[in-house]
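Q: Assemble the complex: chain D is given as a structure, and chain C must be docked to it using the hints.
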Amino acid sequence: MSYKIAQAPFLRRGERGALMSADVLIAFVPLCVFTSAYYGLRPVFLVLTGLTTAVLAEAFGCLLMKRRPTVSDGSAAVTGAIIGMLVSPLSPYWLPAAGAIFAIVAVKLPMGGSGRNLFNPAAAGIAAISLCFPGFFFNYPDPGLGRPLPLGEIAMSGIPSPASQLASGGQPLYSPVMLLLGDFPGPIGATAVAILLACGLYLFVRRSLSAHITLSFLASCAVIAALFPRASGASAGSVMVELCSGYLLFCGIFMLNDPVTAPRHWLGRIAYGIFAGVLVMLMRFFGRFEEGAAFAVLLVNAFSTTLDHLGWYVLNLKRIKRIRERRHSQ
Amino acid sequence: MSKITKRGVSPFIKRGVLLPSMKQPAASRPIIDIAPPSRIVIPLLAGDGSECLPAIKSYDTVLKGDVLGISETGDGGRVYSPVSGVYVGTKKILHPIIGNVTCALLDCMATGGETGKFKDTASMSEQEILEMASSMGIIDELDGQPLGLKLAAWRKLRRVMLVADATEQEPYCSASRAVLKDSAVQVRDGLALAARAMGAKGFCIAVMLPQKRLSALKAKLNDGDLFSVKGRYPVELPSIDGCIVCRIGVQACLALYRAAAYGEPPCGCVVTIAGDAVANPQNVQVPYGTLVEDVLRFCGLAHEPEYVLLGDVMTGITVQDADVPTIPGITCILAFKSRVQSPLHACIGCGRCVSACHRNLLPYEIMRRLDNMQYERLSQLLPDECDGCGACSYVCPSGLEVTAKVLEARDAQGNIFMKWGDGDEL
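If you read the protein sequences in the order shown, they are chains D and C.
For the first sequence, the numbering used here assigns the number 1 to the initial residue and increments by one for each residue that follows.
For the second sequence, the numbering used here assigns the number 1001 to the initial residue and increments by one for each residue that follows.
In isolation and in its complexed conformation, chain D is listed as follows (with noise of 0.2 angstroms):
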């Protein structure tokens, strides 16, 4: 008679990688219905096409490579959506295709593929398409057509979005109900401020989203806001507008909690959320564009793994002393 072997502890809670990434696909569903209601199903389109090309682009490198697939685990499909929530309705369908076909290929696949990228391959991908394709990709429709926009190909003009309207120093004009609503141009998924919110609740919850990186990046970005305000006004104005417009709060949400390029102990968190904020500010107050928080995200990863260490070694110098000189003793 002879039994299996394994490893204490042998109770497991049996949590699973694929269903962390399926929580967040879940919070992108309410997102794409709201958008479907001004646009029409195109963005849904959008969204579905940056999905599927970035898990088939996965799936592709990983057989070139000769890896085990890791399509199963779903980060791939959450990259592609995101890249695929962040572009405008108006954007042609190559567009996410390739931000996605950019993320997996040039960023995640070459630094070791799932749970070893130094930087959010979404991020990434969308820096490439801001980069490359700013014609397209900050060109938003204006979101009182009334009809949905045209499935196939589109040469539309879009308005300038919040954000646009503070880089060029113009009065936003969006009161802070039409900002919570939605009801103003912008990217696919980054709009709807109040679902947004609620689907950040979600999956805090579901313990996908850390409250210390989400709310330190919120609070260091409003504390910007608030002390440099670009639109004339009060300055809960300002924090209001900031706050809402581009893909900001998208950004703290959904990419800053990419559980592998961010830091995971607490106090680095902290840390990780404050300096996203201060650049994702920079970016807008410094950058050639109107919503850099790509670029920002970018950055501040490659700081993620210095701030984690960081954080527990000045919690624990005490800790660390003692244990050395007990050693030396010995």
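Check the hints yourself; a few may be wrong.
Between beta-carbon pairs, the in silico distance windows are [to be verified]:
(1) C/Phe1118 / D/Leu317: 57 to 63 angstroms
(2) D/Lys318 / C/Val1088: 56 to 62 angstroms
(3) D/Ala22 / C/Pro1096: 37 to 43 angstroms
Please keep in mind that the hints were generated in silico from the structure rather than gathered at the bench.
Small disclaimer: the values here were computed from a predicted structure and weren't measured.
From the three backbone atoms N, C-alpha and C, an ideal C-beta is built for every residue, glycine too.
A: Only chain C this time, still in chain D's reference frame:
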């Protein structure tokens, strides 16, 4: 109310994990004495880990509580017979927990359980209690150490709180609470004896019970005897009311009281038998040295088990063969037909292990440095602080063996191969 001091608590983070409770139905069933097995196998190992030589000749008859073996080093370490029977000989076995060990084989005899006369324990002096704990061979079931040695060692400490640990935070084990349910007053009296022997400032029984059962237990005992522990697994008891906490087992307290009041030798240990392959999960009074297969057969197997564990699910060890004896320190034997496991992926860095670790370590980073062979940078992360509670592996969504890796790093601290990075040391 007693106050517990916790260490390393960070804001906004709940350390530890919430474990499901699997104690039913074993916890609500009465404790059953096992039918005497035909043969038991007793490791000839004194409490301090030194090997013993048999003190009797083959085919001698021994009574319950007689000396079976005396330590080779001659410091008085002894092994006591948990049953009456005939000593047949010795045999070398490979035990999954204590390794290669010589064992004494005993053929059991049925004996009438005669109890001695009740003796008042109040008149016993400290020295008498310590001597009795040693000469009766009472063993603490928490760690398998002799109770007499533990109490004598703690006599040197000042400001000590003696705690009978009945928290049983792991999911299956319910032996201590079953003992406490049956004989709470005797346990308390035994604990009071032990506290007097070691000169403790105070004593209490630490329990982790739902409110209903806690109040049922409170009705039997005095106010202040019970200390209700709350929190997530694993809760440590570093200090209570500013006193150092010394932990002994509930069953050791009971054995001490029975030995002092009735002159009864200890007869083994209550063990929880559970798991989804066991037909009748229950708490069984088992003499030390009973083979695991005999215990499992006694409770009945509903399925052919695929895994058999000595100890509870979080810290227990799987055995390959049920042909091993139970030893002191094991209060739980589990048999499972299958296991839940997440599919293996690379570490995705979710940080679940960091927030689960109650010692404030970075388990994922220790694991990464061990895998990347960065041994010289390993000791900075303090892997020797790990106590192997298993919380990090429990929460890992990638199904990695985090605890095993961290323990490997901890145990390899003195390993010469691990020092190849430190140029000045080699």
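Q: May I ask you to test the hint 57 to 63 angstroms on the CB atoms belonging to C/Phe1118 and D/Leu317?
A: 58 angstroms, holds
Q: Quick one: are D/Lys318 and C/Val1088 within 56 to 62 angstroms, going by C-beta?
A: 57 angstroms, holds
Q: Looking only at beta-carbon atoms, does the pair D/Ala22, C/Pro1096 fall within the given range of 37 to 43 angstroms?
A: 39 angstroms, holds
In summary, this structure violates none of the numbered hints.
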